[in-house]
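> Please work from the sequences and hints to get the whole structure.
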Amino acid sequence: MSRSSNREDEVRRMLDGPHPQVPADLAQRAAERGGRLLRRRRFARTLVLLVAFAAVVAFTVWAVASQPWQLPPTETTPPLNGW
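Residues 2 to 84 (this note's numbering) are what the sequence shown spells out, left to right.
The set of hints was computed from the structure by calculation and includes no laboratory data.
Please note that a few of the clues may not be correct.
Stated by the list, open to error - Computed spacing ranges between beta-carbons, pair by pair:
id : residue 1 : residue 2 : range
1  : R8        : A32       : 34 to 42 Å
2  : V12       : A53       : 29 to 37 Å
3  : P73       : L48       : 34 to 42 Å
4  : P21       : F54       : 43 to 51 Å
5  : V23       : V49       : 34 to 42 Å
6  : R40       : S6        : 42 to 50 Å
7  : R46       : T78       : 30 to 38 Å
Predicted, not measured: the structure shown is a model, and the values here were computed from it.
Each residue gets a CB set at the ideal place from its N, CA and C atoms; glycine is no exception.
Shown next as structure tokens:
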């Protein structure tokens, strides 16, 4: 017998055997857990979006207040050559 046929026979024996008992409330517990996971993911996604929005607003306020695109005023005057 080949190795694959041995595996097939073993799988067939496992499937033909007695099936384990499943708790009666398994579907309800799975649905509740899935709902909790969805709520957590939705909350995490909302939190990340709010933090990103707050970062954009903070950067915008900083940029408007400090105006980093403008050159700072010169602190020394250029030398004066008399004509």
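> Take the hints in turn and mark each one as holding or not.
Hints, one by one, checked against the model:
1. Checked against the hint of 34 to 42 Å, the C-beta distance between R8 and A32 comes to roughly 35 Å, which is consistent with it.
2. The beta-carbon spacing between V12 and A53, approximately 49 Å, falls outside the hinted interval of 29 to 37 Å.
3. Between P73 and L48 the Cβ separation comes to about 38 Å, which falls inside the hinted range of 34 to 42 Å.
4. At roughly 49 Å, the beta-carbon separation of P21 and F54 lies within the given 43 to 51 Å, and the hint holds.
5. Taking 34 to 42 Å as the suggested C-beta distance range, the pair V23 and V49 conforms, at roughly 37 Å.
6. R40 and S6 have their C-beta atoms about 48 Å apart, which keeps the hinted 42 to 50 Å range intact.
7. Look at R46 against T78: about 56 Å separates their beta carbons, and that is not inside 30 to 38 Å.
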